[in-house]
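Enquirer: Sequence:
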Amino acid sequence: MDLTNFSTNERQALLDLFIMGMYADGHLASAEDAHARRLLAEMGHHSLTERNYALDAAITRVRRHAPSLSNYRTYVAALAHAFRSQEQRAQVYSLIADLMGSDSEIAPPEQKFLAIIKEVFEM
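For the working numbering, count along the sequence shown from 1 and bump the result up by 925.
Hints were generated in silico from the structure; no laboratory data involved.
Note that this is a predicted model, so its numbers are computed, not measured.
Please note that a few of the clues may not be correct.
[Said to hold, decoys possible] No more than 20 Å apart at the CA atoms, straight line, and that leaves these computed lysine to aspartate or glutamate pairs for DMTMM-like: (1) 1043 with 1023; (2) 1043 with 1030; (3) 1043 with 1012; (4) 1043 with 935; (5) 1043 with 967; (6) 1037 with 1047; (7) 1037 with 967; (8) 1037 with 1023.
[Claimed, not checked] Restraint-style ranges between C-beta atoms, simulated for each label pair: (9) 1033 with 974: 16 to 26 Å; (10) 1044 with 978: 10 to 20 Å; (11) 989 with 1037: 15 to 25 Å; (12) 955 with 981: 24 to 34 Å; (13) 981 with 1047: 24 to 34 Å.
Heads up, the beta-carbon is just placed ideally off N, CA and C, and yes, glycines get one too.
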């Protein structure tokens, strides 16, 4: 994944969406966790300490909006403003969809979360 064109703010928004996606079905699969750790490395968090700090910060931000999908919708709408173009939003959606499919199953709550992103991102 190429995140070179993402600003710090956009990377933070992407990470928050990733965390929301990971927990949308109430189950954290090891494949999803590995996906998130790769994303963190791509964002420049190379040490374990940096990755854990970024992950903990994102979980803290997202936790305020869980577990309600209506709360997720509100937060997704706020995060959508971070992305400058429709192309970038499409890239983010693709990354989140890949995350959701990484455990070989997209559960109904995950499908709903993807639908929220698609709707809010006007895709």
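Enquirer: Honestly, which of those hints from before does the structure not fit?
Expert: 5, 7, 9, 10, 12
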